[in-house]
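Student: Based on the sequences and whatever the hints tell you, model everything.
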Amino acid sequence: MSRIGVFVCHCGENISATVNCEKVAKITGELKGVEFSTDYKYMCSDPGQTLLKEAIKEHKLDGVVVAACSPRMHEPTFRKACAEAGLNPFLCEMSNIREHCSWVHPKDDLTTEKAEDLVRVMVEKVKKNKALKSIKVPVTKTALVIGGGIAGIQAALDIANCGHKVIMVEKLPSIGGHMSQLSETFPTLDCSQCILTPRMVEIAQHPNITLHTYSEVESVDGFIGNFKIKIRKKSKSLDEHLCTGCGLCTTKCPQKKIPNEFERGLGFRPAIYVPFPQAVPNKPVIDRENCTYYIKGKCKVCEIVCPTKAIRFDQEDEVIEVEAGAIVMATGFDVLKSDYFPEYGFGKYKDVIDGLQFERLASASGPTQGEIRRPSDGQVPKKIVFVACAGSRDPAKGIEYCSKICCMYTAKHAMLYKHKVHDGTPYVFYMDIRAGGKMYEEFVRRTIVEDGTHYVRGRVSTIYEKNGKLIVKGADTLMGGIPIEIEADMVVLATAGVANKGAEELAQTVHISYDSYKFFAEAHPKLKPVETNTAGIFLAGACQAPKDIPESVAAASGAAVKVAALFSNDELTRDPLVAVVNRQAAPVYSACVGCFLCQSVCPYQAIEREEIKSRSGEIIKTLARVNEGLCQGCGTCVALCRTKAIDIHGYSNQQVYTEIMALLND
Amino acid sequence: MQDFEPKIVAFVCNWCTYAGADLTGTSRIKYSANVKIIRFPCTGRIDFMILMKAFENGADGIIVSGCHPNDCHYSTGNFHARRRWIVFRNLLNFTGIDTDRIQFSWVSAAEGFKWADVVNNCTKKIKELGPYENYNKIAVSTLFNEEGTSNE
Amino acid sequence: MKVGFYPGCSMKGGAREYQESVSALAKVFDIELVEIPDWNCCGATAAHNLNKELSLSLPARIMALAEREGIKDIVVPCAACYNRLSVTQHELAADPALCSKVASLIELKYEGTTQILNIIQFIDKYITDRLEEKVVKPFNYKTACYYGCLLVRPHSILKFDRVEDPQSMDTLVKKAGGDAIDWAFKTECCGAGMSVSRTDTVARLSGNIMKDAADRAAEVIVVACPMCHSNLDMRRPEINKFLNEKIDIPVLYISQVLGLAVGLDAKTLGLNRHMTEVNLPEKPVKEAAVTDAPKKVVPTQKLEA
Amino acid sequence: MNDMIKKVTQLLTDKTIDVFIGYGKGSADRSRAIFVRTAEQAENLVFSANCTQNLAGYLLKHEVKHLGKLGILANVAALRSILQLASEFQIKDGEVLVLFANPDGSFTEFLDFHSIEGYLLTTETGITSGEQERIAALEAMSVSERWTFWNQEFEKCIKCYACRAACPMCYCHRCTTDVNQPQWIPVASHERGNLDYHLMRAMHLAGRCVNCGECANACPMDIPLNLLTYQLISPIKAGFGATAGMKSDAVYALSTYKPDDKENFII
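Protein chains in written order, with my numbering: chain A, 1 to 666; chain B, 1 to 152; chain C, 1 to 305; chain D, 1 to 267.
Take these hints with a grain of salt, some might be off.
[To be verified] Calculated lysine-lysine pairs in the DSS-like style (CA-CA distance at most 27 angstroms, straight line):
#	chain 1	residue 1	chain 2	residue 2
1	C	Lys246	A	Lys466
2	C	Lys159	A	Lys337
3	A	Lys501	D	Lys258
4	D	Lys156	B	Lys137
5	C	Lys246	A	Lys469
6	A	Lys473	C	Lys142
7	B	Lys36	A	Lys107
Because the hints were derived from the structure by calculation, they are not lab data. Every value quoted in this text rests on a predicted model; they were computed, and no experiment measured them.
Tutor: Shown next as structure tokens:
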């Protein structure tokens, strides 16, 4: 390679103010291998790029060095220009004589000499550059959506409506997530079931969507465009094709007193159950831990009454393997459990409940058919206290963040309570009201003004029971911090929104990172909120951080369009600056000795083991091989490989060695 | 040694310190011209032999800088680099190579000021230490050897 | 076995019965309490309001003296002293420069290798596993365990029991055969240092505590801090005046409760020194049935360190 | 000693192994490694106090490997070498038959890596006090004194690479010294080339050296090479809690990390 072009830019006078560009062009023009060198006022401008392209063609250049601004700024521009002139873009390098030289040094010879050094470094480097082609990776145009809440449902429908296949996996017997547990939703108070159920049915009936409920993802391998996923379909002890969902078994089952997870302990269900009336699929599941047959070996009532003989007691779990090109995580969040609040008596006093339990009380299909009744004695509470920020914004409890949705659903709870108990008095202890969404503030004002909810600005210090009443001790900071004591009949804690149990293990299974609170980590909080650092895996909804329904739906549609973009062409193109393990002819095959240090160091699991077999199938050597679809080009393996068997395009040992030599030996 | 202008090479990672140096530029913060930057994708890519080559070819001082822990674009590159430097510094110190001439630092893409400080302080320190005699002696005696500069 | 002992001013003054009961209890379990020679005042709350170095040097000197004697564990029955020594050890460990400054101030070598134990930690470490077999007279009374503040706060440093709903003393009382009732004023403030300057406040705050205990038919209140004891016991006339109700529930130290349970008599435990008469009715001695708590006890709180 | 000969003979005759690496009589009172492949040759096997060479150095040599299934008479250093090589996927469990020479001349057979690990927990594996003193002496010197000391030592190096051949951990068939694009390590044995080579060798053995001392024994110019790698053993153990050759599934110290690795030099 000996026909290099050097193009020194003035950048108006950002560079030429302190660097003698003509001199730099002249001096570097005399370097061995430089065929053509010039300087120009605006290299990145159209005429500048035309000058570059003409020079490439005219002087048949096979290497270009543009001395101008930071490569982080215009490397793509000049590489594209080179490509248009027929020169492989990866034979074009930039040396940063603006940010790293002209802008930070005074106008003197030392600055110009430094610019010459920086250009010489890149001239020497370019000689070692190789022409590279972008990497093509095939894409399986099927998406996997993990989680069947509103976020998962929205993402799945959006992707499916783009004409792509979707596989949805939901851990519980029915999709719907937390939204199906809600009574009415802020700020418009429309009934949660009415707006959710049609979407759930749409999922079940959509030709592009395959739904696996009562199932969990067991393993995820492969990479963007080529994920191989194992799904464990837990046995429902039921043949879903025969079952018509008539529900006879659920009424006849002798087990009646099993706490229903869907009702968060306020309602009960039989051993063979459908979590809630509008469940999708509307077919029962046998809870093997509590079913008499599985405990004592006798009963089988459901089998006897079943008109279509669909009960299968000996049905095994089934592990199926599917392929997907992209994964959308939509596993949602959970509400903080009880053993966090001994001071509020949560879990000690039956009438201290959490927000989701209040939703079940207020829900028409709930245990009390929508009437607000105390769990202890079923009385209608005349005085009710809502405690906001129960666990959120509380470093002592290890949860420093604000859970975002509690102010709104607490205001909604107070409003629903007043609509159902007209002579009741609701109190809300709060620190700050965060009602930033559309029509949110008006909603909160309404519950204060029209429904007469007493908002007390202060925290509750302790709640204890005394002769049948719950004594709520707090302070009213707006009244100078005077202590306040309310004898309430019932207390609702707006507990913190936390990551789902098992979120950490799932993140490790899927190879995405998560934060200290076990919420999944987005690639960039502002610019890539629905992507993760793992290519091809996206986030939708509250699994990334506590969110309300509008945000979850928006994020889900965002994730869906990312997937659609991924599937928009048959192949994925990626920058070829990836690692590669050298290969040689038999019998050596490679300098690699199979110590696999590189494999243990690679953050992207991009290094695989390749077994070199003889004709008789016997393994001769096991060598490292880089999967160029996964490798992100960090180069940590290259620095660690003792035999220098692995190298990386763009920053190869040759290139880096030559840069140092050129820089220090002028 | 006031008129001694040290040769200092800086090995930096592309995502944090290189961008930080860019920010130093856009903020027009002046710093000494003795330091010249070589870009790497990540500090994890910086092989210990690169530092040896720098000293052998006349560098009086070296700066190695990358992303703060947990900021690494590749999530673990800087952690691996840190372990490598802990061991390598031990070895250099034991063999009598002056580790004060190597400055390790974390500089993020937002720390334009910090990059200027790192460069200026390092230049000042190397000026006090003077040229790296030990290595130059060895380097000179081998000049006639096959080790030319940019051989074709 | 030998355990370091730091009495502090109250053990020699207003709370002499606390020291008598702790020593008697230790003798029963043949533990030798080695009082730290030439110990000095821990500075209590007064010091750290005035001067930081002083508030760290006083406890540092105590621990340095103990280290010089080769003492490892130090039992500090008074909650205020326990709090000051623990906080000092924590702050000096976190700031080596401050540590060397304090070491030069007290002109003693300080390494911070001693283990500071409050009375409950001391009992749990040295006595609890041998307690039940030594109980001869089960403390069969409805007992309200009062923890106060300095025993459990600041949790990030002390890391002792649960801050909001502590259970450690309740467990001990149950092991001694008592019925530790569930009440709401376990960690409410008793008025502490206001005892002299604002006795009316102490009357109100301690009054509320006594009122809740009385309403729940508690027969005795158990404490582990001389300050709590003096406010709830010595200030009882003012409390009764505030509540205009006569409450004669006695206030005992946890060491006295266990002392009685293992058969020590009132005199050795210093029960005669109390302001509120301690005449607990004799209860028929039934075998030390541990009454099951009426409500499901909430599991200990999972607080990440 | 003869019960070992009987055992080796029986192993060879019923083909459990094809070659047994043991000690034979060397010149004067020295011992040297011998490769026993037939019953008669087994008679030459000896064992005495000065049979201290770490025979694991031969396990991965091409000339030995292609002889078939290997058996080895291992001392503590060899056991540790086997575990370290196993952790680097060079030897599989059960691939090598290991006889361990007890000090009293009897031998025990270790059937799997797990039993080797168990045994090693009970024995002393640190460097000798003599070596510790020499390192301490060097560490007491000033930086420039150490530079002069080591340069005088490296000046003697004739680049015969005997140290590389003797070391069980140097099993790469193309070493970095053989890389000429780019020429990381100068071929000539001038001062700088030697310094590059020995720094590279020490870094490549950091966290892997089982302090068997064969490199120093093999060096014709008596350069105290082992001190370079020994000096790194304690900082790596203190910093990362890792010791070479103690677990067959250990992860190499420099290929993993802890988010809070302690250091005091990064600003």
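Student: Look at each hint and say if it fits the structure.
Tutor: Status of the hints after comparison with the structure:
Of the pairs offered as hints, the one joining Lys246 (chain C) and Lys466 (chain A) holds, with about 21 angstroms between alpha carbons and a cut-off of 27 angstroms not exceeded. The suggested pairing of Lys159 (chain C) with Lys337 (chain A) holds, with an alpha-carbon distance near 22 angstroms, which does not exceed 27 angstroms. For the hint linking Lys501 (chain A) to Lys258 (chain D), the alpha-carbon distance of about 25 angstroms falls within 27 angstroms, and the restraint holds. Note on Lys156 (chain D) and Lys137 (chain B): the hinted pairing holds, with a Cα-Cα distance of about 17 angstroms set against a maximum of 27 angstroms.
Restraint check for Lys246 (chain C) and Lys469 (chain A): the C-alpha separation of about 25 angstroms stays at or below 27 angstroms, so the hint holds. Between Lys473 (chain A) and Lys142 (chain C), the direct Cα distance comes to roughly 25 angstroms. Compliance with the 27 angstroms bound is thereby established for this hinted pair. For the given pair, Lys36 (chain B) sits about 17 angstroms from Lys107 (chain A) by alpha-carbon distance, which is consistent with the 27 angstroms threshold.
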